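Model the full assembly from the supplied sequences, consistent with the hints where possible.
Chains Y and U supply the protein sequences, listed in that same order. One point on numbering: in numbering that gives the first Met the number 0, the residue at position 203 of the first sequence is 202, and numbering is uninterrupted. One point on numbering: in numbering that gives the first Met the number 0, the residue at position 117 of the second sequence is 116, and numbering is uninterrupted.
Source of the hints: derived by calculation from the structure; they are not laboratory data. Check the hints yourself; a few may be wrong.
[Unchecked claim] Computed list of lysine-lysine pairs in BS3-like fashion (alpha-carbon distance at most 30 angstroms, straight line):
| # | chain 1 | residue 1 | chain 2 | residue 2 |
| --- | --- | --- | --- | --- |
| 1 | Y | Lys248 | Y | Lys160 |
| 2 | U | Lys264 | Y | Lys160 |
| 3 | Y | Lys79 | Y | Lys248 |
| 4 | Y | Lys79 | U | Lys264 |
| 5 | U | Lys264 | Y | Lys248 |
| 6 | Y | Lys207 | U | Lys31 |
| 7 | U | Lys301 | Y | Lys125 |
| 8 | Y | Lys125 | U | Lys264 |
| 9 | Y | Lys207 | Y | Lys125 |
Quantities reported herein were computed from a predicted structural model and do not represent experimental measurements.
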Amino acid sequence: MTSTSQKVAGIPAAPSVRRGRPRLGEKAIEALLVLAAIVSVATTVGIVISLAVPTVEFFGTVSLGEFVTETLWTPLFAEKHYGVLPLLVATLIVTAIAVTIAIPVGLGSAIYLSEYAGNRTRAFLKPILEILAGIPTVVYGFFALLAVNPWLRDIWPSQTKPEFQNMLVAGIAMGLMIVPTVASLAEDAMTAVPRSLREGAYALASTKMQVSTRVVLPAALSGIVAAIVLGISRALGETMIVTIAAGLKTDGIIVNPIDGAATMTAYIAGAGQGDLPVDSLDYLTIFAVGSTLFLFTLALNALSIRMVRRFREVYE
Amino acid sequence: MTTTTNPRGPSSADVRAELTRRRFRPAETAFKLALQACLAIGLAFLVALLAFAVTKGWHRLDARLWENMPTGRVSRAGEAGVQSAIWGTVWVISLTAAICLPTGVLAAIYLEEYADNTRWYNRLLELNIQNLAGVPSIVFGILGLGLIARVIGLGFTVATAAVVLSLLVLPTVIIASREAIRAVPQSIRHASYALGATRWQTVSRQVLPAAVPGIATGSILALSRAIGEAAPLILLGAVTFIRFNPDSLLSAYTTLPIQIYNLIKEPQAEFQELAAAAIVLMLVVLLAMNSIAIFVRNRFTKRW
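What follows is the structure, given as C-alpha cells:
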C-alpha cells in the first residue's frame with residue numbers, strides 16, 4: 000500500500016483502506032446478537048433441566064415399571080397408584096377424535112384453496128382460517144362445554160347421554176382448532192408442486208379431481224404428512240380445551256369417549272392449580288407426566304421437520 | 000355420434016363441438032362440493048362460536064365489566080367484573096413485549112446477517128428454534144414453575160409470567176423476523192458495503208428499516224398469541240381469584256384468559272355470562288391486532 004501514501008501534488012494522501020483499526024462497537028454488537036440467539040438454547044436447556052431433575056427424583060420413589068404398566072392413576076387420592084396409562088389413553092382418544100375431524104376438513108380445505116379457488120376467493124378465505132387459528136384455546140373450551148356439549152346431549156340417540164365433560168366434545172373442538180394448522184401447511188406443500196406436473200396431467204385429458212388426487216396429492220405427500228404430524232403434536236400438547244371440556248377426572252383407564260377423563264396436559268394443569276407442597280411426591284408427578292408429554296411431542300416435531308425438509312428439497 | 004354416416008368422417012365443426020361440450024361428471028361435482036363443505040365446516044364453526052359468545056355475553060357487555068370481583072363473589076355475582084384481569088393482561092403483555100421483541104429481533108439478525116450456517120453450532124441453533132416452536136405451552140409453564148419461580152426465585156409474579164410468555168413466543172418472533180430480513184435483497188447490502196459502511200451500519204441503517212413491516216406483523220401476531228395463552232399461567236399462580244390490580248413487576252396477578260377459565264368453572268349462570276362478555280372483549284382486541292398486522296403487511300411491505 001505504498002502508492003496511497005505517496006504525495007501527489009495538490010491531493011492529500013488518502014487514508015489506507017486496510018487500516019485494521021479494531022472496531023470495538025462492532026464487536027460488542029456482535030456479542031449482543033450472539034447472546035440473544037443463545038437465549039433460545041438456554042430455554043431448551045432450562046426446559047430439559049426443569050423436567051429431568053424432578054423426574055429423576057420421582058423415579059427414585061416410583062419405579063419406571065409401575066409408571067408404564069400400572070393401570071390406575073390416583074396420586075392425589077388416599078390410595079396412591081402411579082400408572083400413566085390412563086392419562087395416555089385419554090390423550091390418545093381425544094387426539095384420535097381431533098385428527099379424524101382435522102384430516103378430512105383440513106385437507107379438503109387445502110385442496111380447495113390450492114387447486115379450485117380463484118385468487119379472490121382465496122384472498123377472502125385465507126384470513127378466515129387465520130382468524131380461526133388466532134382464537135385462544137380457552138374460548139374453544141368455553142364453546143365446547145357450554146354450546147357444543149348441550150347440543151350433543153340433545154341429539155344423542157341412545158339413553159346414556161354424554162357426560163357433562165367428555166372426551167368426544169373436547170376432541171371435536173380440538174379437531175377444529177387444528178384445522179387451520181393442517182390446512183395452511185398442506186396448502187403450502189400443494190402450492191409448491193410445480194405447475195408443469197399439473198399441465199402434463201391435463202394434457203393427458205385428466206379432470207380436475209384426477210389432477211388433485213392423483214398428481215398433486217401424491218407429489219405433496221411428505222408435506223401433507225408433516226402438516227398432519229404437526230397437527231397431532233399440537234393436539235397432544237393442547238391444554239385448555241381438554242381441561243375445560245374433558246375434565247380432570249383421573250382413575251382407571253376410560254375408553255368410552257362420551258365419558259370425561261383427564262389427559263396428560265389436563266392432569267398437569269389440574270395438579271398445578273392446587274398448592275401442592277414442593278418436593279412432595281404429588282408435586283413431582285407434574286414433572287414426570289410433563290416429561291412424558293415432552294418426549295412424545297419432541298419425537299413428532301422431529302418427524303415433521305424432517306418431512307418438511309424432504310418436500311422442500313424435491314421442488315425448490 | 001351421428002357423424003359416422005358422413006363418409007368423409009366427422010366434420011371439424013362436430014369435433015369442436017365434441018371437445019368443448021361440458022360433460023356432466025357426477026364424481027367431479029361431488030368432489031368439489033365435498034371440498035366446499037370442508038371449508039364450510041370451519042367457517043360455520045367460527046360463526047357459531049362468535050355468535051354464541053356475543054349472544055351469551057351481550058347483556059354483560061357494559062360498565063360492570065370494568066369492576067373487580069366483589070368480596071362476596073357468589074352472592075353478588077351480578078356485579079362482578081374483570082378489571083384486575085384486564086390490568087394483569089396489560090402488565091404481563093407489556094413486559095412480554097419488552098422482553099421478547101428485542102431478544103427475538105436481535106437473534107434473527109444474528110442468524111440471518113452474522114451466522115455462518117455451515118457451522119454446526121449455527122445449524123443446531125436453527126434446529127433448536129424449530130423444535131422450541133413445537134413444544135407444548137404447558138411445558139413452558141413447567142419451566143416457569145420449576146426453574147424461574149422456584150430456583151431463580153421470582154415467585155408467582157407478573158415478572159415470571161412475562162418471562163415465560165416471552166420464551167414461549169420467542170420462536171415465532173425469530174422466525175417472522177428472519178423471513179422479513181431475508182426478503183431484503185442482497186444488492187442493498189452490497190451497495191451499503193460499497194459505500195464503506197460497516198456490517199452493523201449496513202444492518203441498522205439499511206436492512207432493518209426495510210424489514211420493519213415484516214417484523215412488526217410477526218411481532219403483533221406473536222403478542223396476540225401471548226394475550227390468549229392460559230395454560231402456562233395456570234401453573235404460575237394466576238388461577239387464584241385476584242381482586243386487586245397489579246402495581247409492580249413483583250405483584251400477584253391474573254390475566255383475561257385465566258379469569259375466563261375461572262369463571263367457566265363456576266356453576267352460576269351469571270359467571271358464565273361474564274365469561275362470555277370477557278371473551279367478546281378479548282376477541283375484539285385480538286381481531287383488532289390481527290387486522291393491524293394484516294394492514295401493516297399489505298400497506299408497508301416493500302416490493303423490490
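The hints, checked one at a time:
1. Using a Cα cut-off of 30 angstroms, the hinted pair lysine 248 of chain Y and lysine 160 of chain Y holds, with the two alpha carbons roughly 18 angstroms apart.
2. For the suggested pair lysine 264 of chain U and lysine 160 of chain Y, the alpha carbons sit about 21 angstroms apart, so the restraint of at most 30 angstroms is met.
3. Our distance criterion of 30 angstroms between C-alpha atoms is met by lysine 79 of chain Y and lysine 248 of chain Y, whose separation comes to about 15 angstroms.
4. About 26 angstroms separates the Cα atoms of lysine 79 of chain Y and lysine 264 of chain U, which keeps this hinted pair within 30 angstroms; it holds.
5. The straight-line distance between the Cα atoms of lysine 264 of chain U and lysine 248 of chain Y is roughly 14 angstroms, inside the 30 angstroms bound, and the hint therefore holds.
6. Simply put, lysine 207 of chain Y and lysine 31 of chain U have alpha-carbon atoms about 9 angstroms apart, close enough for the 30 angstroms limit, and the pair holds.
7. Between lysine 301 of chain U and lysine 125 of chain Y the alpha-carbon distance is near 22 angstroms, which keeps this suggested pair within the 30 angstroms criterion.
8. Between lysine 125 of chain Y and lysine 264 of chain U, the direct Cα distance comes to roughly 34 angstroms. Violation of the 30 angstroms bound is thereby established for this hinted pair.
9. Our distance criterion of 30 angstroms between C-alpha atoms is met by lysine 207 of chain Y and lysine 125 of chain Y, whose separation comes to about 21 angstroms.
Going through the hint list in order, the structure does not satisfy hint 8, though it satisfies all others.
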